[in-house]
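Asks: Here is what each chain is made of, one letter per residue.
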Amino acid sequence: SQTIHQWPATLVQPVGSPLSLECTVEGTSNPNLYWYRQAAGRGLQLLFYSVGIGQISSEVPQNLSASRPQDRQFILSSKKLLLSDSGFYLCAWSSSGGGYTFGSGTRLTVV
Amino acid sequence: AQRVTQPEKLLSVFKGAPVELKCNYSYSGSPELFWYVQYSRQRLQLLLRHISRESIKGFTADLNKGETSFHLKKPFAQEEDSAMYYCALRGGGFKTIFGAGTRLFVKA
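From first to last, the protein sequence lines are chains A and B.
Numbers in this note's numbering are just positions in the first sequence, counted from 1, shifted up by 1.
Numbers in this note's numbering are just positions in the second sequence, counted from 1, shifted up by 221.
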């Protein structure tokens, strides 16, 4: 069966420090991968999506970037975190035409 | 532009009462509509999708293209239905747009 792993679960980072959140999928090949940010009262904001290795589409200009170095690995990064980057980040995967399967999320607090 | 609107941030009903979570969308083509649910301390998960035309946990949702709505309904709410519900739209392509969510409280 397919599973999705996202880590870490929580992270506290100082302003100006780098960020790397990792997401991996098992049990499927060539998944569509997504990074969302979930904010209370504002739903889920799509940040990046990828339909294949090395293919990244950015939805919102911001202080973050994404990479897909392997078929089932999706990484969210920042070189220098801002206070406004604090939030709850969700990774998800889908097959073509299917619904999403979400990871457990990462709570990022920038201090 | 694609848009999903969930007009109610919070909905509170008594156990056994009918519940309807509203969702309206804006999309010029033929959309795929979904409902996702997040129970306390659990992952966000797919509840149902309109093309499946199925009932999950007693919930149903019918796509009304004339009213551009995809309301989620259940005839008799249960306490375990208390959760955050998100309506979502995929309008051709790979992206899915989510509504702001509705928190459902089912009171005993």
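It is worth saying that the hints were derived from the structure and are not from the lab.
Misleading hints may appear alongside valid ones.
[Unchecked claim] Pairs of lysine to any residue, SDA-like flavour, derived with a Cα cap of 20 Å:
no. : chain 1 : residue 1 : chain 2 : residue 2
1   : B       : 286       : B       : 236
2   : B       : 230       : A       : 41
3   : B       : 316       : A       : 102
4   : B       : 316       : A       : 43
5   : B       : 236       : A       : 44
6   : B       : 316       : A       : 57
7   : B       : 243       : A       : 57
8   : B       : 316       : A       : 59
9   : B       : 316       : A       : 17
10  : A       : 80        : A       : 102
11  : B       : 230       : A       : 89
12  : B       : 236       : A       : 42
13  : B       : 316       : A       : 58
14  : B       : 316       : A       : 63
15  : B       : 316       : A       : 8
16  : B       : 328       : A       : 60
17  : B       : 278       : B       : 316
18  : B       : 286       : B       : 328
19  : B       : 230       : A       : 42
20  : B       : 236       : A       : 43
21  : B       : 316       : A       : 80
22  : B       : 230       : A       : 74
Asks: So which of those numbered hints doesn't the model satisfy?
Replies: 1, 5, 7, 9, 10, 12, 15, 16, 17, 18, 20, 21, 22
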